[in-house]
Each structure stands twice: as structure tokens, then as C-alpha cells.
Amino acid sequence: MSTEKKINWAILVTGWGRNAKDTLEAFDNKKFDKSKIRLVVYQEEPCGAAEKAREMGVETLQLVRKEFDSAVAYQEKLIQVLKEREIDFIFMLNYKYIIREAMLKAFPDRILNIHPSLFPSFLGTKTAIQDALAYGVKITGITTHIIDDKVDEGKILCQKAIEVKEGDTFDTLYPKFAKQGRKIIIKTIQEIERSHIL
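Numbering (the UniProt record's numbering), first residue to last: 1 to 198.
Hints listed in this document are in silico derivations from the structure and should not be mistaken for laboratory results.
Fair warning: this is a prediction, and the values are worked out from it, not measured in the lab.
Mixed in with the good hints, there may be bad ones.
As a list, the in silico DSSO-like pairs of lysine-lysine whose alpha-carbon atoms are at most 30 Å apart [claimed, not checked]:
| hint | residue 1 | residue 2 |
| --- | --- | --- |
| 1 | LYS138 | LYS160 |
| 2 | LYS126 | LYS6 |
| 3 | LYS105 | LYS6 |
| 4 | LYS126 | LYS155 |
| 5 | LYS66 | LYS105 |
| 6 | LYS31 | LYS6 |
| 7 | LYS187 | LYS30 |
| 8 | LYS5 | LYS31 |
| 9 | LYS155 | LYS187 |
| 10 | LYS83 | LYS5 |
| 11 | LYS36 | LYS138 |
| 12 | LYS160 | LYS179 |
| 13 | LYS83 | LYS66 |
| 14 | LYS155 | LYS179 |
| 15 | LYS187 | LYS150 |
| 16 | LYS96 | LYS179 |
| 17 | LYS105 | LYS165 |
| 18 | LYS83 | LYS138 |
| 19 | LYS176 | LYS160 |
| 20 | LYS77 | LYS138 |
| 21 | LYS150 | LYS176 |
| 22 | LYS66 | LYS31 |
| 23 | LYS6 | LYS30 |
| 24 | LYS34 | LYS105 |
| 25 | LYS6 | LYS66 |
| 26 | LYS83 | LYS126 |
| 27 | LYS138 | LYS105 |
| 28 | LYS6 | LYS36 |
| 29 | LYS176 | LYS36 |
| 30 | LYS36 | LYS105 |
| 31 | LYS34 | LYS66 |
| 32 | LYS160 | LYS126 |
| 33 | LYS5 | LYS187 |
| 34 | LYS66 | LYS30 |
| 35 | LYS165 | LYS176 |
Let the hints inform the model, and build the full structure from the sequences given.
The structure is reproduced here in C-alpha cells:
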């Protein structure tokens, strides 16, 4: 049995957590050699990701933004719990809050995000898939990236193109994002495993 130290991951999710649940299932299915999920921080109930985490014996923590006086106070608490658990990398999977300066400094180049477009298209929006359809693009896609102090920018880690076919609607396009989202998250974590030295 390997005694090599594993990379500690935390997942942040504010909704039901489809991407986050898929990621937990990938961990459960032994897709990663050098990583473990230490914590899932969620907001809403029910949360599929939190349910899956509990099933796997992964710690969950419900943090509700409106129970804090400010975004700063909320993220101060978040930093505290992540530091206490010695988190190395954080993956925002359908997490809706902007990360503030204090958290960026606490985890420099260690906070990842997934966005449903090919950077640099359709940034700073919660409706990137709909925007791509409205604009009439033939190719859209998914990007994972390390966040910085600008919304939906930072170092690109992985990208996957998705073809928009004639007659596609949100309902026909979204399943493609779901399928490719699972793959790109796995690839991203594997890339971090290859490149990161603890």
C-alpha cells in the first residue's frame, strides 16, 4: 500500500451539484491515483453532491451565504474551514459566488473553475450555453481554468469543443455538456496530479 501523500481536494457547490456528484463518482471509481476529496462545501438542500459525499464517507459542510453579514465574512469562514482541513486544491463546480481577494491569497493558483464556453467566448455570464445558441455559433464548449481576480479568466487548464448542430436547442445541447463535463473534470484533476508536487 502506497504511503505517498495525496492531494487534498475540496469541492464547492451551491446548487444540486450534478458536476460535483459526477466528480465524486469518479473518485469512488478510482479514476485518480494521487488525490482524495477531503470536503464538500454546499449551500442548498437537497444537494445530490452532498448526498453522494456522505455515502462515500467524505465530510460535508453546509455554508449558507445569507446567514453571514457579508461576502467577506462568508469567505473568511470558508477559508478557515479549508485551512483547518489542509486543503491543497479547490474545485468550484457550479458554484455561484465570486471568490474574493483574501481567498485568492490564501490559495494562490489553487482554485479551479469550470465554465460552459470555450474561453475567451461568453465570459462573465450564467447563461453561456443559451448565449452561444442565440449568437449562432457552430462550435462551443467547456473550459476548466485556475481563477484569478477577474471573473471567468485565469490560466486555462483543459478545453473541450462541442459542436452545435442545426436545430439544437438548450434541451438538446445541455446533455452534451453534461457528458463532456464529466470527462473534462477527470482530465483536469489528472493534469493537476501530473504537474503538482506536494
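Status of the hints after comparison with the structure:
For the suggested pair LYS138 and LYS160, the alpha carbons sit about 14 Å apart, so the restraint of at most 30 Å is met. Taking the CA atoms of LYS126 and LYS6, the gap is near 33 Å; set against the 30 Å cutoff, the hint is violated. With a CA separation close to 22 Å, the supplied pair LYS105 and LYS6 stays within the 30 Å bound. As the CA atoms of LYS126 and LYS155 are separated by approximately 20 Å, the hinted pair is consistent with the 30 Å bound.
Distance check on the hinted pair: LYS66 and LYS105 sit about 24 Å apart at the alpha-carbon level, within 30 Å; holds. The straight-line distance between the Cα atoms of LYS31 and LYS6 is roughly 14 Å, inside the 30 Å bound, and the hint therefore holds. About 13 Å separates the Cα atoms of LYS187 and LYS30, which keeps this hinted pair within 30 Å; it holds. Distance check on the hinted pair: LYS5 and LYS31 sit about 17 Å apart at the alpha-carbon level, within 30 Å; holds.
The hinted pair formed by LYS155 and LYS187 meets the criterion: a straight-line CA distance of about 16 Å does not exceed 30 Å. Of the supplied pair hints, the one linking LYS83 and LYS5 holds, its CA atoms being roughly 17 Å apart against a limit of 30 Å. Restraint check: the Cα-Cα separation between LYS36 and LYS138 comes to about 37 Å, which exceeds 30 Å; the hinted pair is violated. A C-alpha spacing of about 11 Å is found between LYS160 and LYS179, which places the hinted pair at or below 30 Å, so the restraint holds.
Our distance criterion of 30 Å between C-alpha atoms is met by LYS83 and LYS66, whose separation comes to about 22 Å. Our distance criterion of 30 Å between C-alpha atoms is met by LYS155 and LYS179, whose separation comes to about 23 Å. Note on LYS187 and LYS150: the hinted pairing holds, with a Cα-Cα distance of about 24 Å set against a maximum of 30 Å. For the suggested pair LYS96 and LYS179, the alpha carbons sit about 21 Å apart, so the restraint of at most 30 Å is met.
Pair hint LYS105 plus LYS165 does not hold up; C-alpha atoms about 42 Å apart against a cutoff of 30 Å. A distance of roughly 43 Å separates the Cα atoms of LYS83 and LYS138; the hinted pair therefore is violated under the 30 Å criterion. Annotation: proposed proximity of LYS176 to LYS160 holds, straight-line Cα distance about 11 Å (limit 30 Å). Straight-line distance between C-alpha atoms of LYS77 and LYS138 comes to about 43 Å, which puts the hinted pair past the 30 Å bound.
Taking the CA atoms of LYS150 and LYS176, the gap is about 28 Å. The hint holds against a cut of 30 Å. A hinted pair counts as satisfied when its Cα atoms are at most 30 Å apart, and LYS66 with LYS31 does not qualify at roughly 36 Å. For the given pair, LYS6 sits about 13 Å from LYS30 by alpha-carbon distance, which is consistent with the 30 Å threshold. A distance of roughly 25 Å separates the Cα atoms of LYS34 and LYS105; the hinted pair therefore holds under the 30 Å criterion.
Distance hint between LYS6 and LYS66 is unfulfilled; the C-alpha atoms sit about 34 Å from each other, more than 30 Å. At most 30 Å may separate the alpha-carbon atoms for a hinted pair to count; LYS83 and LYS126 meet this at roughly 29 Å. A hinted pair counts as satisfied when its Cα atoms are at most 30 Å apart, and LYS138 with LYS105 does not qualify at roughly 38 Å. About 6 Å separates the Cα atoms of LYS6 and LYS36, which keeps this hinted pair within 30 Å; it holds.
With a C-alpha separation of about 27 Å, the suggested pairing of LYS176 with LYS36 holds against the 30 Å cut-off. The suggested pairing of LYS36 with LYS105 holds, with an alpha-carbon distance near 23 Å, which does not exceed 30 Å. With a C-alpha separation of about 36 Å, the suggested pairing of LYS34 with LYS66 is violated against the 30 Å cut-off. A threshold of 30 Å between alpha carbons decides the hint, and for LYS160 with LYS126 the separation of about 19 Å falls inside it, so the pair holds.
A distance of roughly 20 Å separates the Cα atoms of LYS5 and LYS187; the hinted pair therefore holds under the 30 Å criterion. Of the pairs offered as hints, the one joining LYS66 and LYS30 is violated, with about 36 Å between alpha carbons and a cut-off of 30 Å exceeded. This hinted pair checks out: LYS165 and LYS176 have alpha carbons roughly 11 Å apart, not beyond 30 Å.
In summary, the numbered hints that this structure violates are 2, 11, 17, 18, 20, 22, 25, 27, 31 and 34.
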